[in-house]
Amino acid sequence: MDDRTWDLIVKAFWPLFVQGVSWTIPLTLASFAVGLVLALLAAVGKLSHVKVFQLAASGYIAIFRGTPLLVQLFIIFYGFPTIGLKIDAIPSAILGFSLNVGAYAAESIRASILAVPTGQLEAAATIGMDYPLALRRVVLPQALRIAVPPLSNTFISLVKDTSLASGIMVAEMFRKAQEIAAPAYAFFWIYVEVALIYLLFCSVLTFGQGKLERHLNRYITA
Amino acid sequence: MGEILVTVDNLHKSFGQNKVLKGVDLKVAQGSVTVLIGPSGSGKTTLLRSLNSLTRPEAGIVGIGSVTVDFGKNPSKSEIRELRAQSGMVFQAHHLFPHRTVIENIVEGPLYVQKEPQAQARERALKLLEQVGLVDKADDYPSSLSGGQQQRVGIARALAMRPKLMLFDEPTSALDPETVGDVLVVIRDLAKAGWTMVIVTHEIRFAEQVADHVAFLDSGVIVEEGSPKQVLTDPREPRTREFLRRVLDPLAAEGVQGDQRLDVPTWAKFDHLSDPQTPYPRETVISGEGI
Ligand SMILES: Nc1ncnc2c1ncn2[C@@H]1O[C@H](COP(=O)(O)OP(=O)(O)OP(=O)(O)O)[C@@H](O)[C@H]1O
Ligand SMILES: [Mg+2]
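Protein sequences appear in the order of chains V and U.
Residues in the first sequence are numbered from 777 upward in steps of one, following my numbering.
Residues in the second sequence are numbered from 274 upward in steps of one, following my numbering.
Chain V with its partners taken away, still in its complex shape:
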């Protein structure tokens, strides 16, 4: 590696990092938050006894898990305008990511709701709770603890998947890397550099996941 390349790598770090903190991370957080709400609705819908809810939830999950994320983004950003529905790049990205994350997280949440013993629901019923209240106060808090590891997986995947938004003109971190790399023809080093920054983000999140799990497990004694 010559001095000029090294110089480029050093100079690129800060702009890339800033782009990551100001775009990649917020994009991830916003999409995950919306995705979790969708996931919860889909999970409860799939567990519901109402056929329409079951079908809607299963259909949603099947479609968004069964098609590529990049294609979903392209349909929303490039496809919709041609049928008269124009959505800007960033809302398109958030929409695509959250729909996708929601479909994956729904299955994790559904499984963890099912993992809460039925005795808990019965106990809730005997102290007068209806199903929504029992879900909120008794089942979901316990399901959350069970769901954290699989949801963390989804979350960390999402951090990396936001790089796909570069394909629909969102100026997130990977797009910035492309812009820096192209004129200098430094694809190898700049892409390795941006990969390492993704790795850094994910490592921090994994650390946070551990802390969260310990917090949620505080009421379990061995």
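Mixed in with the good hints there might be a few duds.
Listed below are the simulated DSS-like cross-link pairs for lysine-lysine, each with C-alpha atoms no more than 25 Å apart in a straight line [said to hold, decoys possible]: (1) U:K465 x U:K502; (2) U:K400 x U:K346; (3) V:K827 x U:K350; (4) U:K388 x U:K346; (5) V:K787 x V:K827; (6) U:K437 x U:K300; (7) U:K350 x U:K465; (8) V:K827 x U:K346; (9) V:K822 x U:K350.
FYI, nobody ran anything at the bench for these hints, they're computed from the structure.
Starting from the structure of chain V, add chain U with the ligands where the hints point.
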């Protein structure tokens, strides 16, 4: 019999082809303790859970106080909820909320269902904990308690809703022998304080002491019922007699005799209820008033 609080009329329940309750009738007087006994699989749990519709019978009527539900007439959710509000239930496996502390378990219903003010609910919860002998555990999580302590928290949680009726499904059969006594003492004190209770138990000696009425269930019907003295010591029905023989002296029932037989362990004799050295504070009497 005094004023009737609970009326069960011709209750039927099947699971698939398996007919579990075949027309059960039962009356429970206000302020009395009814003990349900019977062989495993006879339908005791099913009957108890029908009283609060955790198990939904196909037909029959359950009335508690002024609330009557006719299960044959497809009762609505709100009817079921009203029926449920009449009773508190203590499960064999306690089913405490593991993610909430002891006191949070107790105030959960009062706060979120009955919308009681926080300070008042807490105060009542502490009083209940005092009554079951666990004030010092108020801020612990259930997982750090012994089985007997968990069960007593379960009792306090049910009492906190101020039910008219308390239901117990084998409250001590999952416990270590040394913690059984503490739980039985709490239940006995509830009986003394005039609570109306229906208790499923295999603890025949305990039943003798606390029951006003004993019903023997076999194959989904009440075969025999009456005073504990009559049913437990002088049963009329051969099936009751056979059941009691097996429960009270399992080895004799299997034909084991003489020095092959083990001594009945002390905990099984229920002496701890009358033992002056019992660790449980005997002066605590759970009053139905003020909670
Ligand atoms: N949810 C269920 N689904 C299917 N069958 C059930 C269910 N609950 C109970 N049964 C069946 O109903 C019958 C009566 O069960 P129940 O639990 O009421 O008996 P029990 O008298 O409480 O017995 P035990 O002393 O063992 O607790 C049994 O044959 C049991 O297998
Ligand atoms: Mg049972």
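Hint by hint, here is what the structure shows:
Only pairs whose Cα atoms come within 25 Å are accepted, and K465 of chain U paired with K502 of chain U is accepted, the gap being roughly 18 Å. With a CA separation close to 41 Å, the supplied pair K400 of chain U and K346 of chain U exceeds the 25 Å bound. Under the criterion of a C-alpha separation no larger than 25 Å, the hint pairing K827 of chain V with K350 of chain U is consistent with the structure, at around 19 Å. A C-alpha spacing of about 31 Å is found between K388 of chain U and K346 of chain U, which places the hinted pair above 25 Å, so the restraint is violated.
Note on K787 of chain V and K827 of chain V: the hinted pairing is violated, with a Cα-Cα distance of about 57 Å set against a maximum of 25 Å. Our distance criterion of 25 Å between C-alpha atoms is met by K437 of chain U and K300 of chain U, whose separation comes to about 15 Å. A distance of roughly 34 Å separates the Cα atoms of K350 of chain U and K465 of chain U; the hinted pair therefore is violated under the 25 Å criterion. For the suggested pair K827 of chain V and K346 of chain U, the alpha carbons sit about 24 Å apart, so the restraint of at most 25 Å is met.
A hinted pair counts as satisfied when its Cα atoms are at most 25 Å apart, and K822 of chain V with K350 of chain U qualifies at roughly 21 Å.
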